[in-house]
Amino acid sequence: MSAVAVRVREAWTGVRWYLREVSGEGRWDAYVARCSAEGVAPMSRRAFERQRDHEREHSARGKCC
Amino acid sequence: MVLVSPDLLETPMSAPSPTATEPRSRRSPASIAVWVLVALVGAVCWSVLALSRGEEVSALWILFAALASYAIAYRFYSRFIARRVLKLDDRRATPAERLENGSDYEVTDRRVLFGHHFAAIAGAGPLVGPVLAAQMGYLPGTIWIIVGVIFAGAVQDMVVMFFSMRRDGKSLGQMIREEIGVVGGTAALVAVFAIMIIILAVLSLVVVNALAESPWGVFSIGLTIPIALFMGFYLRYIRPGRVLETTGIGVVLLLLAIVGGGYVESWGLGEALTLDKETLTLMLVAYGFVASILPVWMLLTPRDYLSTFMKIGVIILLAVGLVMANPVLSAEAMSPFASSGEGPVFAGKLFPFLFITIACGALSGFHALISSGTTPKMVAKERQVRMIGYGGMLMESFVAISALIAACVIDQGLYFAMNAPLGATGGTPETASQFVGALGYTISPDALTAAAAAVEEDIISRTGGAPTLAFGISQIFTDAFGGNLQAFWYHFAIMFEALFILTAVDAGTRVGRFMLQDTIGNFWPKFGDTSWKPAAWGASAVVVAAWGYMLYVGVTDPLGGINQLFPLFGIANQLLAAIALTLCVTLFLKHGWLKWVWVPGVPLAWDLVVTMTASYQKVFSDNPAIGYFAQADATRTARDAGELSGAAQNADQMDVIIRNSTTNGVLQATFAVLVIIVVANAAVIWVKAVRAGSLPTTEVPATPSTLVAPADFVATKEEKAELARWEAERAEKAGTP
Chain W
1 MSAVAVRVRE AWTGVRWYLR EVSGEGRWDA YVARCSAEGV APMSRRAFER
51 QRDHEREHSA RGKCC
Chain C
1 MVLVSPDLLE TPMSAPSPTA TEPRSRRSPA SIAVWVLVAL VGAVCWSVLA
51 LSRGEEVSAL WILFAALASY AIAYRFYSRF IARRVLKLDD RRATPAERLE
101 NGSDYEVTDR RVLFGHHFAA IAGAGPLVGP VLAAQMGYLP GTIWIIVGVI
151 FAGAVQDMVV MFFSMRRDGK SLGQMIREEI GVVGGTAALV AVFAIMIIIL
201 AVLSLVVVNA LAESPWGVFS IGLTIPIALF MGFYLRYIRP GRVLETTGIG
251 VVLLLLAIVG GGYVESWGLG EALTLDKETL TLMLVAYGFV ASILPVWMLL
301 TPRDYLSTFM KIGVIILLAV GLVMANPVLS AEAMSPFASS GEGPVFAGKL
351 FPFLFITIAC GALSGFHALI SSGTTPKMVA KERQVRMIGY GGMLMESFVA
401 ISALIAACVI DQGLYFAMNA PLGATGGTPE TASQFVGALG YTISPDALTA
451 AAAAVEEDII SRTGGAPTLA FGISQIFTDA FGGNLQAFWY HFAIMFEALF
501 ILTAVDAGTR VGRFMLQDTI GNFWPKFGDT SWKPAAWGAS AVVVAAWGYM
551 LYVGVTDPLG GINQLFPLFG IANQLLAAIA LTLCVTLFLK HGWLKWVWVP
601 GVPLAWDLVV TMTASYQKVF SDNPAIGYFA QADATRTARD AGELSGAAQN
651 ADQMDVIIRN STTNGVLQAT FAVLVIIVVA NAAVIWVKAV RAGSLPTTEV
701 PATPSTLVAP ADFVATKEEK AELARWEAER AEKAGTP
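Protein chains in written order, with the working numbering: chain W, 1 to 65; chain C, 1 to 737.
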């Protein structure tokens, strides 16, 4: 039973990881991790997301038909 | 980072890893058994499809024939291309590794990048094309979607991605200019822009046709705008970065909007939301313009999240629904229209028009724009190009197969009543029933009325493919999941298609705006500044006006817009594929890979034969049902004689037909000429390259890679071990600075 529970938890962690990565939500975690590795204080979440919005504003990513 | 000499790749790199290039296969008995089984399943499914005539055939034969074929093609053909032809080499650093900058160049997990790439290539095209192509029966469409993707579409996507990756993620246009020449490059640039305009117009036309006279549809699709705005503000000001939470709220609101649509009549909104096509066109054009100039965080980004999640959700739901419902195909294997060319949905015979109509699900030139530029800048390891490029396109093809099945399981009398233009069906159950009867199919007026009541919509002459697909999906889901929810599922499917298309229209208008600003910026640098409002507004207005005009042409066409414009769209997309494949052939020859040139060469030859035949017929055919100019001439002759022809109700409509047909004809001829220019320019290079054995290209010299990452969806045991070793090494280094 506990083996099944472990499996379920692993699958859930995997799905959650994938969704966060695909949606870009995980970018924040990666940024914070990078900052702590480099010993720099990260900017606020709001400022970080503003910067990503700004980048998106000036790039055109196509969509297909 | 040290640049290495070109001969580096001939000799093993300093620390040759066991998995750097595609390893030789070790065929274990279990693996052999599995592949024999897959091959058997495929062979049985194809045999059933090929041999069944006039008996009940389950749609699952198509589904499993497709899956087995994809599996075999992926395992063997794409691996052959990766190993023997392109010689993907994980010892070379990718642009993402060399140029990582945290924005466009970024090493991305292969499965995440697969998701991004698929979300960018998949749109409404593979949903609509196969539905229209179902007029020729299920077999031709099935064969082309599967064979086409394996040998043409997926190959194009993978090879273009590879070449762009080896050139720091250059765009298709840049590569053509640098590798073929300025003439070809300029022609390609114009072609890409013009083709994009047509695609936006035709996709918008699909939405207009699906929403016209449908208060339920207008209500739910209209609400997506405030929902997206809400999500945008929520993400910006309340919960920055919480994309999943925001998207979850958005999806719930979206579902409520669909349910709410069922009550518009009882809320007294029915009349206000019953809009004709002209009004919808104006609204869509205004929307496109506003969406293009608003900050992206407000509308575009949240809409993109919604559309992507809906897309994946519906595709999974449809696959599950198909297996659970196990529907029987109502369509014939091959209808008489395949050979007569007189089908009411679109004119022309199986060759070349089936290939033109299916377009995106088998081979899509537009993918070359995503496969160059965006995705290659994020690939972590070279060998991942196989799963992302080839694998991504197989998945798109699977969507096309699902759409084909949905169109083929509905009653074929109903199919033709829904897809024939208004001028043919007359718009009432009685006249539609008569018209369908004259085609050789049967459906009673009562059955048509009952079908309309089941989805709470008018269904006669709802052309464009989206309503038919929605009807098919609603039927499959009702069978699979039970309940009396057909009207809900119908509008759910319409919502999902419209969301797709509007996202493509938003993004396409923006891409067009950037292209225009970039091009004009060469002569007037200030105009190229994307943050300068007058330029942004001006360029957006030009792009919107261009597709808006073509949309208006389609909407007001007395002959029925979709049957007139869809061929133009399909040919344009396939012509773009011809341009992309021409680049691939050119680079094969410049690299001296004459031996393998058939890999992109055969699909290119086929695509050129198809598109040039279709273009020739559309321009020069003297059959007014096919040739645009013949149509204009016939109408002009009739008008001058004081008669009405086709579906025209008055002399003004005769003028509209003449004007539209001439416009379409001129555009068609222009596209074909542009492609001929690109191919002719390339042919000069081909001759030079073959004579010289090879020619220098703009490929970036090899740089050794220090990254380790698996190549395929599932990591092998060796890859996992290597990854663990590499990570331990990194951790050790980080620990001892």
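Keep in mind the hints are simulated off the structure, nothing from the lab. Just so we're clear, the structure is a prediction, and the values are computed from it rather than from any experiment. Wrong hints could be hidden among the right ones.
[Unchecked claim] Cut-off 25 Å, straight-line C-alpha distance, at most; resulting in silico cross-link-like pairs (SDA-like, lysine to any residue):
| # | chain 1 | residue 1 | chain 2 | residue 2 |
| --- | --- | --- | --- | --- |
| 1 | C | Lys720 | W | Trp17 |
| 2 | C | Lys720 | W | Ala41 |
| 3 | C | Lys717 | W | Thr13 |
| 4 | C | Lys533 | W | Gln51 |
| 5 | C | Lys720 | W | Trp12 |
| 6 | C | Lys526 | W | Val40 |
| 7 | C | Lys595 | C | Ile32 |
| 8 | C | Lys717 | W | Val8 |
| 9 | C | Lys533 | W | Val15 |
| 10 | C | Lys720 | C | Val147 |
| 11 | C | Lys717 | W | Glu55 |
| 12 | C | Lys720 | W | Ala30 |
| 13 | C | Lys733 | W | Val32 |
| 14 | C | Lys733 | W | Val8 |
[To be verified] Far from chain W, some chain C residues (derived; all Cβ distances over 12 Å):
| # | residue |
| --- | --- |
| 15 | Ser266 |
| 16 | Phe629 |
| 17 | Ala734 |
[As the list claims (entries may be wrong)] Which bits of chain C does chain W cover? Going by a derived footprint, with three or more residues having C-beta under 8 Å, they are:
| # | segment |
| --- | --- |
| 18 | 110 to 117 |
| 19 | 236 to 242 |
| 20 | 676 to 682 |
All C-beta atoms in this analysis are idealised placements derived from N, C-alpha and C, irrespective of residue type, glycine included.
Against the structure, the hints come out as follows:
1. As the CA atoms of Lys720(C) and Trp17(W) are separated by approximately 19 Å, the hinted pair is consistent with the 25 Å bound.
2. For the hint pairing Lys720(C) with Ala41(W), the CA-to-CA distance comes to about 34 Å; that exceeds 25 Å, so the pair is violated.
3. As the CA atoms of Lys717(C) and Thr13(W) are separated by approximately 21 Å, the hinted pair is consistent with the 25 Å bound.
4. Only pairs whose Cα atoms come within 25 Å are accepted, and Lys533(C) paired with Gln51(W) is accepted, the gap being roughly 20 Å.
5. Simply put, Lys720(C) and Trp12(W) have alpha-carbon atoms about 21 Å apart, close enough for the 25 Å limit, and the pair holds.
6. As the CA atoms of Lys526(C) and Val40(W) are separated by approximately 37 Å, the hinted pair breaks the 25 Å bound.
7. Distance check on the hinted pair: Lys595(C) and Ile32(C) sit about 29 Å apart at the alpha-carbon level, beyond 25 Å; violated.
8. As the CA atoms of Lys717(C) and Val8(W) are separated by approximately 22 Å, the hinted pair is consistent with the 25 Å bound.
9. Annotation: proposed proximity of Lys533(C) to Val15(W) is violated, straight-line Cα distance about 41 Å (limit 25 Å).
10. Restraint check: the Cα-Cα separation between Lys720(C) and Val147(C) comes to about 34 Å, which exceeds 25 Å; the hinted pair is violated.
11. At roughly 39 Å between alpha-carbon atoms, Lys717(C) and Glu55(W) are farther apart than 25 Å, so this suggested pair is violated.
12. Of the pairs offered as hints, the one joining Lys720(C) and Ala30(W) holds, with about 22 Å between alpha carbons and a cut-off of 25 Å not exceeded.
13. With a CA separation close to 21 Å, the supplied pair Lys733(C) and Val32(W) stays within the 25 Å bound.
14. For the given pair, Lys733(C) sits about 35 Å from Val8(W) by alpha-carbon distance, which is inconsistent with the 25 Å threshold.
15. The Cβ of Ser266(C) lies farther than 12 Å from every Cβ of chain W, with a closest approach of about 37 Å, so its non-interface assignment holds.
16. No beta-carbon of chain W comes within 12 Å of the beta-carbon of Phe629(C); the shortest separation is about 26 Å.
17. For Ala734(C), the requirement that its beta carbon stay farther than 12 Å from each beta carbon of chain W is not met, with the minimum near 8 Å.
18. Given a C-beta distance limit of less than 8 Å, the hint that chain W covers the segment 110 to 117 of chain C holds, as 4 residues qualify and 3 suffice.
19. Residues of the segment 236 to 242 of chain C with a Cβ under 8 Å from some Cβ of chain W number 4, which satisfies the need for three, so the listed coverage holds.
20. Note: the segment 676 to 682 of chain C has 0 residues with beta-carbon separation from chain W under 8 Å; the three-residue rule is not met and the coverage is violated.
Violated hints, in rising order: 2, 6, 7, 9, 10, 11, 14, 17, 20; the structure is consistent with all others.
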